[in-house]
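Number of protein chains: 2
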Amino acid sequence: MILNLAKKAKKAFPALANLSTQQKNRILYSMSRALIGYQGYILNQNKKDLQKAKRLKLSSAFIDRLTLTKARIKDMSKSQKALIDLSDPVGEVIKQWKTSSGLQISKVRVPIGVIAIIYESRPDVTSDCIGLCLKSGNCVILRGGSEAINSNKAIYQVLSSVLHKFPVPSGVIGLVSTTRRQEVQTLLRLSDYIDLVIPRGGKSLIREVARISRIPVIKHYQGICHVYVHSDADLAMAEKICFNAKVQRPGTCNAMETMLVDKNIAETFLPRVIQRLQASGVEIRACPMTRRILKGIKLTSVSAKDFCTEYLDLILSVKVVKGLNEAIAHIDEYGSDHSDAIVTNNKKASREFLNRVDSACVYHNASTRLTDGYEFGMGAEMGISTDRLHARGPMALEELTIYKYIVKGQGQIRQ
Amino acid sequence: MILNLAKKAKKAFPALANLSTQQKNRILYSMSRALIGYQGYILNQNKKDLQKAKRLKLSSAFIDRLTLTKARIKDMSKSQKALIDLSDPVGEVIKQWKTSSGLQISKVRVPIGVIAIIYESRPDVTSDCIGLCLKSGNCVILRGGSEAINSNKAIYQVLSSVLHKFPVPSGVIGLVSTTRRQEVQTLLRLSDYIDLVIPRGGKSLIREVARISRIPVIKHYQGICHVYVHSDADLAMAEKICFNAKVQRPGTCNAMETMLVDKNIAETFLPRVIQRLQASGVEIRACPMTRRILKGIKLTSVSAKDFCTEYLDLILSVKVVKGLNEAIAHIDEYGSDHSDAIVTNNKKASREFLNRVDSACVYHNASTRLTDGYEFGMGAEMGISTDRLHARGPMALEELTIYKYIVKGQGQIRQ
Numbered sequence: 069m070i071l072n073l074a075k076k077a078k079k080a081f082p083a084l085a086n087l088s089t090q091q092k093n094r095i096l097y098s099m100s101r102a103l104i105g106y107q108g109y110i111l112n113q114n115k116k117d118l119q120k121a122k123r124l125k126l127s128s129a130f131i132d133r134l135t136l137t138k139a140r141i142k143d144m145s146k147s148q149k150a151l152i153d154l155s156d157p158v159g160e161v162i163k164q165w166k167t168s169s170g171l172q173i174s175k176v177r178v179p180i181g182v183i184a185i186i187y188e189s190r191p192d193v194t195s196d197c198i199g200l201c202l203k204s205g206n207c208v209i210l211r212g213g214s215e216a217i218n219s220n221k222a223i224y225q226v227l228s229s230v231l232h233k234f235p236v237p238s239g240v241i242g243l244v245s246t247t248r249r250q251e252v253q254t255l256l257r258l259s260d261y262i263d264l265v266i267p268r269g270g271k272s273l274i275r276e277v278a279r280i281s282r283i284p285v286i287k288h289y290q291g292i293c294h295v296y297v298h299s300d301a302d303l304a305m306a307e308k309i310c311f312n313a314k315v316q317r318p319g320t321c322n323a324m325e326t327m328l329v330d331k332n333i334a335e336t337f338l339p340r341v342i343q344r345l346q347a348s349g350v351e352i353r354a355c356p357m358t359r360r361i362l363k364g365i366k367l368t369s370v371s372a373k374d375f376c377t378e379y380l381d382l383i384l385s386v387k388v389v390k391g392l393n394e395a396i397a398h399i400d401e402y403g404s405d406h407s408d409a410i411v412t413n414n415k416k417a418s419r420e421f422l423n424r425v426d427s428a429c430v431y432h433n434a435s436t437r438l439t440d441g442y443e444f445g446m447g448a449e450m451g452i453s454t455d456r457l458h459a460r461g462p463m464a465l466e467e468l469t470i471y472k473y474i475v476k477g478q479g480q481i482r483q
Numbered sequence: 069m070i071l072n073l074a075k076k077a078k079k080a081f082p083a084l085a086n087l088s089t090q091q092k093n094r095i096l097y098s099m100s101r102a103l104i105g106y107q108g109y110i111l112n113q114n115k116k117d118l119q120k121a122k123r124l125k126l127s128s129a130f131i132d133r134l135t136l137t138k139a140r141i142k143d144m145s146k147s148q149k150a151l152i153d154l155s156d157p158v159g160e161v162i163k164q165w166k167t168s169s170g171l172q173i174s175k176v177r178v179p180i181g182v183i184a185i186i187y188e189s190r191p192d193v194t195s196d197c198i199g200l201c202l203k204s205g206n207c208v209i210l211r212g213g214s215e216a217i218n219s220n221k222a223i224y225q226v227l228s229s230v231l232h233k234f235p236v237p238s239g240v241i242g243l244v245s246t247t248r249r250q251e252v253q254t255l256l257r258l259s260d261y262i263d264l265v266i267p268r269g270g271k272s273l274i275r276e277v278a279r280i281s282r283i284p285v286i287k288h289y290q291g292i293c294h295v296y297v298h299s300d301a302d303l304a305m306a307e308k309i310c311f312n313a314k315v316q317r318p319g320t321c322n323a324m325e326t327m328l329v330d331k332n333i334a335e336t337f338l339p340r341v342i343q344r345l346q347a348s349g350v351e352i353r354a355c356p357m358t359r360r361i362l363k364g365i366k367l368t369s370v371s372a373k374d375f376c377t378e379y380l381d382l383i384l385s386v387k388v389v390k391g392l393n394e395a396i397a398h399i400d401e402y403g404s405d406h407s408d409a410i411v412t413n414n415k416k417a418s419r420e421f422l423n424r425v426d427s428a429c430v431y432h433n434a435s436t437r438l439t440d441g442y443e444f445g446m447g448a449e450m451g452i453s454t455d456r457l458h459a460r461g462p463m464a465l466e467e468l469t470i471y472k473y474i475v476k477g478q479g480q481i482r483q
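Top line first, the protein sequences correspond to chains S and F.
Residues 69 to 483 in the working numbering are what the first sequence lists, from first letter to last.
Residues 69 to 483 in the working numbering are what the second sequence lists, from first letter to last.
Everything labelled a hint here was simulated from the structure, so no lab data went into it.
Predicted model only: the values in this text are computed from it and were never measured.
Beta carbons are placed, not taken as given, at the ideal position from N, Cα and C, and that holds for glycine.
Honestly, I wouldn't trust all of these hints.
To be verified - Label pairs and their computed distance ranges (CB to CB):
hint, chain 1, residue 1, chain 2, residue 2, range
1, S, Lys-116, F, Lys-75, 48 to 54 Å
2, F, Pro-356, S, Ala-83, 26 to 32 Å
3, F, Thr-368, S, Ala-83, 33 to 39 Å
4, F, Lys-149, S, Gln-164, 28 to 34 Å
5, F, Tyr-109, S, Leu-380, 53 to 59 Å
6, F, Gly-364, S, Thr-89, 48 to 54 Å
Stated by the list, open to error - With a straight-line cut-off of 16 Å between C-alpha atoms, the simulated EDC-like cross-links for lysine to aspartate or glutamate are:
hint, chain 1, residue 1, chain 2, residue 2
7, S, Lys-163, F, Glu-466
8, S, Lys-163, F, Glu-160
9, S, Lys-476, F, Asp-302
10, S, Lys-415, S, Asp-300
11, S, Lys-175, F, Glu-466
12, F, Lys-76, S, Asp-400
13, F, Lys-166, S, Asp-440
14, F, Lys-331, F, Glu-394
15, S, Lys-476, F, Glu-420
16, S, Lys-78, F, Glu-401
17, F, Lys-476, S, Asp-302
18, S, Lys-476, F, Asp-440
19, S, Lys-120, S, Asp-132
20, F, Lys-79, S, Asp-400
21, S, Lys-78, F, Asp-400
22, S, Lys-76, F, Glu-401
23, F, Lys-390, F, Asp-300
24, S, Lys-79, F, Glu-401
25, S, Lys-175, F, Asp-440
26, F, Lys-75, S, Asp-400
27, F, Lys-163, S, Glu-466
28, F, Lys-175, S, Asp-440
29, S, Lys-79, F, Asp-400
Given only the sequences and the hints, what does the whole structure look like? Please build it.
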């Protein structure tokens, strides 16, 4: 079953890889219309999943992620349409040069091939991944959470039903329609047919996929993000950035989990910002120095374990540091190489922070929450890579491609 | 033991990543001199390995690869020096743009981190890998073949002895000095400390490493390379290219293993080229049509298994095809996505071949033997990647890097 899906995708790949941008955009347009046209069907199928989830007494947060509405389907449709306006990475000449022997070499972007995506409860991921893979010329095999199986099947049926009007085999999109765990293990061993696996979901899913897979995996792992308020920071700006990084949407991987405060400004900066964070419901876990400065307020002690924890919640670790070196050393030790920021007006300090902190995204005077394909101007994204191979940070259309060398000669041979 | 090596490398990485180009070049210069200065010691240690290899009656080809001479050590020294002139990829700004919100984003090259290299009998690989990783700012952990252990230890000692004069910890270079297989398995599970594994060697080594590893692997796998002689080819050029691609150095991954000949020129082209190849000792395995055309000559039949075989030897599969589509279909089915060439003066045919054949390197009117870092003008290389992630084709200094985003703001937050 899964083997057939993978074989069909591999076979369908050359046809998809060679589609023109215009043809791909026409498919995306048809897909965005089909989502609206068949929303009744999708919502009906979604209801089956919701009923089961309620019977199983799954959490309300879980049920919220699982729920589709007309508004959410409209967003899915809009996302497909938005891909039309993004430039097609396939065929782009990355570099071109002539060798001393007269070879003309072009490094040209091509799709990666067949991408398997393993994800959890949100059915809109099904639609997003199909759009992103299609525009970047990749075949996709989807394996969503078993709780969303009816919703995912419906979305898959609606989107793949438009393909027969275009010169591509149906194998370019595949959905694993069984919900047995065993099937994922089989999938992750099909390295002859699948070129890349992207797990989207919680830590344990990602760790499990990375452990089992024989296929290359790009991990969108945790974000233990830091904001370091340097002694030369504009404190009003620092407050605004820290508040945004923690409170605006705490459940995301680019939210701040630890605030590092320079000892020279700690007494001035901490009282105000902590009060404001607490007023927004943030639980503060503080180092001894912070607790000494804020002795009027009762604060929990922060532990080394806290510094290693991605809270994804309204909780913040706070630590006073002696200076830039201690801040960088802390980030080196406890960070997850995702997004880290310094707030300062000191050019030397910012330069050193930006060079020495080796995270996917390092910020000067901006919020870590900005690590995002749209905010970066790259458009829709598959997620934020925390790996150090192929792609780091926001993974958008370009990051779903690789390259080949096209070499033109006039009879050159190896001497 | 191995865990310590990996931990030391991870800890040493920031210091190496932040070395200036000038400092790295000084280290390379010292290394190139040390190789010459201590060649007596290296040759003595190499003798131990050679004596053991002879006792074990290993093949003469194996012993040849294992043997170091003054000339080979001079080449190793020259290779280190040659890296000085190559431009340093670290710090290069790949792209830079400003978002509508005023963020200034730079995509900047950084080293990958800690790279483990697992290789077989050639001790000069030890020296080459240390140089390439050092120049690209990566820590390296080496695990060579057990038969070369004394040579590898000697080279490692000589090269790492120069490090104490520079501001980098000795952990930037590590050598696994035991020869137990178990140690490789341990190494391949240390994904917390090692970022990338590159196996260099035969198919079975690469397959085994890819199977066991929990760390991302870039495979330098087999090359089943094709030259397709199109009906509009300049036949003299085609002969020159085919001869070069097969005979110049048949034991390499970019040598031609199958020659595809268009039926329209087969009767003219085949007799001459086959005679010339046979005169150079090439064994021909031919399709029925080829055998019909060359009925005066006794030729072995070619099988589907032959078409899937990387001969690495003076053996050639020959097939007559009906035209471009059959040639491309054959390459799709039997090729290894390494290097494939078309010889033709027909622009439409060459364009179609170059677009549709999705190999790491596709050639028009040039020999597949040119797939090589030096020939491409990229300098020294780690090998030829046959993977579809991170790097394809020659893997030189730039391919040993990844990037990070440096984002400068004026107080921007997520809305």
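Hints and how they fare:
The hinted range of 48 to 54 Å is satisfied by Lys-116(S) and Lys-75(F), whose Cβ atoms lie roughly 51 Å apart. The hinted window of 26 to 32 Å between Pro-356(F) and Ala-83(S) holds, with their beta carbons roughly 30 Å apart. Thr-368(F) and Ala-83(S) have their C-beta atoms about 36 Å apart, which keeps the hinted 33 to 39 Å range intact. Between Lys-149(F) and Gln-164(S) the beta carbon distance is about 29 Å. The supplied range of 28 to 34 Å therefore holds.
Judged by the Cβ atoms, the range 53 to 59 Å given for Tyr-109(F) and Leu-380(S) holds: they are separated by roughly 56 Å. Checking the proposed 48 to 54 Å range against Gly-364(F) and Thr-89(S) shows it holds: the Cβ atoms sit about 53 Å from each other. Taken as a hint, the Lys-163(S) and Glu-466(F) pair is honoured in the structure, with Cα atoms around 13 Å apart against an allowance of 16 Å. For a cut-off of 16 Å, the pair hint linking Lys-163(S) to Glu-160(F) stands: about 15 Å separates their Cα positions.
Distance hint between Lys-476(S) and Asp-302(F) is fulfilled; the C-alpha atoms sit about 15 Å from each other, no more than 16 Å. With a C-alpha separation of about 10 Å, the suggested pairing of Lys-415(S) with Asp-300(S) holds against the 16 Å cut-off. For the suggested pair Lys-175(S) and Glu-466(F), the alpha carbons sit about 13 Å apart, so the restraint of at most 16 Å is met. Straight-line distance between C-alpha atoms of Lys-76(F) and Asp-400(S) comes to about 15 Å, which keeps the hinted pair within the 16 Å bound.
Restraint check: the Cα-Cα separation between Lys-166(F) and Asp-440(S) comes to about 15 Å, which is no more than 16 Å; the hinted pair holds. Among the hinted pairs, Lys-331(F) with Glu-394(F) is consistent with the structure: their alpha-carbon atoms are about 11 Å apart, no more than 16 Å. A threshold of 16 Å between alpha carbons decides the hint, and for Lys-476(S) with Glu-420(F) the separation of about 13 Å falls inside it, so the pair holds. About 11 Å separates the Cα atoms of Lys-78(S) and Glu-401(F), which keeps this hinted pair within 16 Å; it holds.
For the suggested pair Lys-476(F) and Asp-302(S), the alpha carbons sit about 15 Å apart, so the restraint of at most 16 Å is met. Of the pairs offered as hints, the one joining Lys-476(S) and Asp-440(F) holds, with about 15 Å between alpha carbons and a cut-off of 16 Å not exceeded. As the CA atoms of Lys-120(S) and Asp-132(S) are separated by approximately 14 Å, the hinted pair is consistent with the 16 Å bound. Between the alpha carbons of Lys-79(F) and Asp-400(S) the distance comes to roughly 10 Å, so the proposed pair stays at or under 16 Å and holds.
With a CA separation close to 11 Å, the supplied pair Lys-78(S) and Asp-400(F) stays within the 16 Å bound. Using a Cα cut-off of 16 Å, the hinted pair Lys-76(S) and Glu-401(F) holds, with the two alpha carbons roughly 14 Å apart. Under the criterion of a C-alpha separation no larger than 16 Å, the hint pairing Lys-390(F) with Asp-300(F) is consistent with the structure, at around 13 Å. Proximity of Lys-79(S) to Glu-401(F) is assessed by CA-CA distance (about 10 Å); at most 16 Å being required, the pair is judged to hold.
As the CA atoms of Lys-175(S) and Asp-440(F) are separated by approximately 14 Å, the hinted pair is consistent with the 16 Å bound. Our distance criterion of 16 Å between C-alpha atoms is met by Lys-75(F) and Asp-400(S), whose separation comes to about 14 Å. Under the criterion of a C-alpha separation no larger than 16 Å, the hint pairing Lys-163(F) with Glu-466(S) is consistent with the structure, at around 13 Å. Simply put, Lys-175(F) and Asp-440(S) have alpha-carbon atoms about 14 Å apart, close enough for the 16 Å limit, and the pair holds.
A hinted pair counts as satisfied when its Cα atoms are at most 16 Å apart, and Lys-79(S) with Asp-400(F) qualifies at roughly 10 Å.
Checked against the numbered hints given earlier, the structure satisfies every one of them.
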